[in-house]
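Engineer: Using the hints provided, position chain U relative to the given structure of chain L.
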Amino acid sequence: MVVFGMVLFSYFLVTGGIVYDVIVEPPSIGSTTDEFGHSRPVAFMQYRVNGQYIMEGLASSFLFVLGGIGFVVLDKANLTGLSRLQRTMLLTLGFFCVIAAFFGSRIFMTIKLPGYLK
Amino acid sequence: MSTKVPYLSRLGIYRISIEKQETLLKLIVLSAAAILSFSTRLFAVLRFESVIHEFDPYFNFRSTKYLAQEGFYSFHNWFDSRAWYPLGRIIGGTIYPGLMVTAAALYHVLHAVNITIDVREVCVFLAPLFSSLTVLVTYYLTKELKDVGSGLVAAAMISIVPGYISRSVAGSYDNEGIAIFCMLLTYYMWVKAVKTGSLFWSTLCALAYFYMVSSWGGYVFLINLIPLHVLTLMVTGRFSHRIYVAYSTVYVLGTILSMQISFVGFQPVQSSEHMAAFGVFGLCQIHAFVDYLRSKLTQQQFDALFRFLATVVVVVSVVVGAALTALGKISPWTGRFYSLLDPSYAKNNIPIIASVSEHQPTSWSSFYFDLQILVLLCPVGLYFCFSKLNDHNIFIILYGVTSVYFAGVMVRLMLVLAPVMCVLSGIAVTGILSVYMRNLDVIDTKTRKKKVDTSYPVKNEIATFVILMMTFFLITYTFHSTWVTAEAYSSPSIVLSASQHDGSRIIFDDFREAYYWLRQNTPEDAKVMSWWDYGYQITAMANRTILVDNNTWNNTHISRVGQAMSSPEDKAYEIMRELDVSYVLVIFGGLTGYASDDINKFLWMVRIGGSTDKGSHIKEADYFTPQGEFRVDREGSPVLLNCLMYKMCYYRFGQVYTEQGKPSGYDRVRNAEIGNKDFELDVLEEAYTTEHWIVRIYKVKDLNNRGA
Chain L
31 MVVFGMVLFS
41 YFLVTGGIVY
51 DVIVEPPSIG
61 STTDEFGHSR
71 PVAFMQYRVN
81 GQYIMEGLAS
91 SFLFVLGGIG
101 FVVLDKANLT
111 GLSRLQRTML
121 LTLGFFCVIA
131 AFFGSRIFMT
141 IKLPGYLK
Chain U
7 MSTKVPYLSR
17 LGIYRISIEK
27 QETLLKLIVL
37 SAAAILSFST
47 RLFAVLRFES
57 VIHEFDPYFN
67 FRSTKYLAQE
77 GFYSFHNWFD
87 SRAWYPLGRI
97 IGGTIYPGLM
107 VTAAALYHVL
117 HAVNITIDVR
127 EVCVFLAPLF
137 SSLTVLVTYY
147 LTKELKDVGS
157 GLVAAAMISI
167 VPGYISRSVA
177 GSYDNEGIAI
187 FCMLLTYYMW
197 VKAVKTGSLF
207 WSTLCALAYF
217 YMVSSWGGYV
227 FLINLIPLHV
237 LTLMVTGRFS
247 HRIYVAYSTV
257 YVLGTILSMQ
267 ISFVGFQPVQ
277 SSEHMAAFGV
287 FGLCQIHAFV
297 DYLRSKLTQQ
307 QFDALFRFLA
317 TVVVVVSVVV
327 GAALTALGKI
337 SPWTGRFYSL
347 LDPSYAKNNI
357 PIIASVSEHQ
367 PTSWSSFYFD
377 LQILVLLCPV
387 GLYFCFSKLN
397 DHNIFIILYG
407 VTSVYFAGVM
417 VRLMLVLAPV
427 MCVLSGIAVT
437 GILSVYMRNL
447 DVIDTKTRKK
457 KVDTSYPVKN
467 EIATFVILMM
477 TFFLITYTFH
487 STWVTAEAYS
497 SPSIVLSASQ
507 HDGSRIIFDD
517 FREAYYWLRQ
527 NTPEDAKVMS
537 WWDYGYQITA
547 MANRTILVDN
557 NTWNNTHISR
567 VGQAMSSPED
577 KAYEIMRELD
587 VSYVLVIFGG
597 LTGYASDDIN
607 KFLWMVRIGG
617 STDKGSHIKE
627 ADYFTPQGEF
637 RVDREGSPVL
647 LNCLMYKMCY
657 YRFGQVYTEQ
667 GKPSGYDRVR
677 NAEIGNKDFE
687 LDVLEEAYTT
697 EHWIVRIYKV
707 KDLNNRGA
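Protein chains in written order, with the numbering used here: chain L, 31 to 148; chain U, 7 to 714.
Bear in mind the hints are in silico, worked out from the structure with no lab data behind them.
Glycine included, each C-beta is placed from N, C-alpha and C at the ideal position.
A hint or two may mislead.
[Claimed, not checked] In silico DSS-like pairs for lysine-lysine, Cα to Cα no more than 25 Å straight-line:
#1 U:K607 to U:K577
#2 U:K302 to U:K335
#3 U:K32 to U:K149
#4 U:K577 to U:K707
#5 L:K106 to U:K394
#6 U:K465 to L:K106
[Said to hold, decoys possible] Pairwise CB distance ranges (calculated):
#7 L:T140 to U:A282: 38 to 46 Å
#8 L:L112 to U:D447: 15 to 23 Å
#9 U:K394 to L:S113: 25 to 33 Å
[Stated by the list, open to error] Anything over 12 Å on all C-beta distances counts as not near chain L; from chain U, calculated:
#10 I22
#11 R248
#12 G271
#13 Q305
#14 Y344
#15 F373
#16 K465
#17 S503
#18 K668
#19 V689
Next comes chain L alone, as it looks inside the complex (with noise of 0.2 Å):
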């Protein structure tokens, strides 16, 4: 298992897009310009599935990994010999992770395409 977490480490990387940000070096977050002339940061690069911020690269594989344990957790929840607050524990962070993942990633990929599922 200690493999496992290894993996699972490795793979937060890899899906934050730690290869395009070596390479291609973006800004950690863009910034733009309002009307009065202010610099607003930009969290989400828009309009372009193949570029990305590293804080947005990082903040997606959180919620990939995110949901990937809420599932483990929510097998994990029906082992025999638990007691009834560490299951009802363990079932209401396993559906916390999977659900807050899932519509959490759905709506990154929202703020980033605007015109997705249109």
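Structural biologist: Okay, now just chain U, sitting in the frame of chain L:
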């Protein structure tokens, strides 16, 4: 399975047994998935027509036509003098013939039963056909790894996964269309061979590997993954006679068979990419020999002999390996594969590899876009594999981890990741569902023995909720996949379409218009110069000789073309006379807003042009403004405003009004009014410009009758 009375039979209607119900269910699911995978790839054919897409497929199509007409021997010995003028190209020895042979074989089989469809139709629909076969192979592979349930889920997932669809739509006639099928077939045979240890399955694996080698250069991944699997089994102490038989057979037969392909030649015994397989083969023999000795000798004799042999073998192999590499007998890793291990290598050293858009590293959104729910389920599948480790689970874990890394390095390799994601997600979905299905209360009308488990409140309701949630996720997966296929991956790119503000669609068929003009209005032996992207299309559709094409095997020749494009007219004329060029073709998107035109690719032409000796006077910095910007308006660098590419793209463009409220000569892609508007061409004359100015063809003027 005990003979329980099936539910349906209680209705008195059907009395089929459980086994027959299961078989019927499997049949229905698999045939639905196969038909679905074929139909979902047909969007482009329905919207436009049955036409070959992109660039590379045109070369494959031309080769298949040649093979179907001339036969295998002339195909294998084909020297093409109409590409890479004046060098020519040995086609027979520099391609992977699997795709063309498969299509030509299918063509001949259909003609033999009097279904006389054209070669083009066979080529267009080959990839969807093989995707249906991939669905079946994925089912068998996952069934071997886990059980029937995961097999069915994985098959259903791979039928619509966008990562695989992107390279196998109808019309995308490329090696990957059949390579994924061959790869999964080889893996299935390998897993079977490892599980049974029989010579039969190992031989079949070697034959499937031969088919894989003949179809795609990515076979290098297989010949490194299988030895890696064997090595991992050795390290974790799972080596047995089954692995020994399987790997020895596969390596020996597979290597001999792979060397039958002329393009591969002697690489399996010479190049570093294949050395790992050879090393593991040697290690296998040594390991098996050591095990044999251990069973025959006493412990002390064995220890002494082992130490002696181990030192001798290690010293000899290190010395021999170093000597061969130093002498150059073992070639180092080639550029394309080396850039997978060191991603910055291509960016710093080989601009041609770095310039291909498919070779860029992957961002998070490409992962989600191509795989959606599978990115969440993949770690879960790995978890289930880790919890029940056995020989074949280790294989799928290795495959999954390595392909995630490679897909992260290069967007194109997302294709290799998609099948293993489907397999792992199939295992994950079945794992979760089988655990929670058991918690459901099975309604028994006769007795209702409720053994309430106090530590598990609302067991039934939670199980129902989990199952419904999983169903919801899978449904959104299908909606996402179909949307992505329809919107993003079904464009033929030889025909463009855009929707106007009143909703109607306007079709841009400029490419074919220009190629057919070339075909009908230029002499047979005319030489056409263009950037290498369009080479295959020009040879296939316009049937004219070209200088450089997508094969990009000769960097110096491409660099010469790049120098011609980046130099002013008089210097470029010398290069064009040297290469006997009569026509020049450029792609220009400024009128329509088509963004993949030659001005946007121009910096790559400059970089590649300046990368050889003859082009050392071309410096990328000269084409930028003093502030470091790439501009085509009045502020642009004068070197840029006077080079051949600029003049060819913007000739007469200064008098054209493109948008309301903007001055004439407004470039809609760069969003700028061009700087150099009124100029005449000295050495070229305009031959043809297509309806929307996307393709522009120029004729190279002959030398003056009287000198100077």
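Engineer: For every hint, state whether the structure bears it out.
Structural biologist: Each hint tested on the structure:
Proximity of K607 (chain U) to K577 (chain U) is assessed by CA-CA distance (about 21 Å); at most 25 Å being required, the pair is judged to hold. The suggested pairing of K302 (chain U) with K335 (chain U) is violated, with an alpha-carbon distance near 39 Å, which exceeds 25 Å. A C-alpha spacing of about 12 Å is found between K32 (chain U) and K149 (chain U), which places the hinted pair at or below 25 Å, so the restraint holds. Restraint check: the Cα-Cα separation between K577 (chain U) and K707 (chain U) comes to about 14 Å, which is no more than 25 Å; the hinted pair holds.
For the suggested pair K106 (chain L) and K394 (chain U), the alpha carbons sit about 14 Å apart, so the restraint of at most 25 Å is met. With a C-alpha separation of about 14 Å, the suggested pair K465 (chain U) and K106 (chain L) falls inside the 25 Å cut-off, and the hint holds. The hinted window of 38 to 46 Å between T140 (chain L) and A282 (chain U) holds, with their beta carbons roughly 44 Å apart. Against the hinted window of 15 to 23 Å, the Cβ-Cβ separation of L112 (chain L) and D447 (chain U) comes to about 20 Å, which satisfies the hint.
The hinted window of 25 to 33 Å between K394 (chain U) and S113 (chain L) holds, with their beta carbons roughly 26 Å apart. Against the 12 Å criterion, I22 (chain U) stays outside the reach of chain L, whose nearest CB is about 33 Å from its own CB. Residue-level check passed: R248 (chain U) sits 23 Å from the nearest beta carbon of chain L, beyond 12 Å. The beta carbon of G271 (chain U) is kept farther than 12 Å from every beta carbon of chain L, the shortest such distance being approximately 32 Å.
Listed as a non-interface residue, Q305 (chain U) keeps its Cβ farther than 12 Å from every Cβ of chain L; the least gap is roughly 32 Å. No beta-carbon of chain L comes within 12 Å of the beta-carbon of Y344 (chain U); the shortest separation is about 15 Å. Remark: the non-interface label on F373 (chain U) conflicts with the geometry, its nearest Cβ contact in chain L lying 5 Å away (cut-off 12 Å). Under the 12 Å C-beta cut-off, the non-interface status given to K465 (chain U) relative to chain L is violated; the minimum distance is some 9 Å.
For S503 (chain U), the requirement that its beta carbon stay farther than 12 Å from each beta carbon of chain L is met, with the minimum near 16 Å. Separation of K668 (chain U) from chain L is adequate, the least Cβ-Cβ distance of about 22 Å exceeding the 12 Å criterion. Look at V689 (chain U): its CB is around 39 Å from the nearest CB on chain L, clear of 12 Å, so calling it non-interface holds up.
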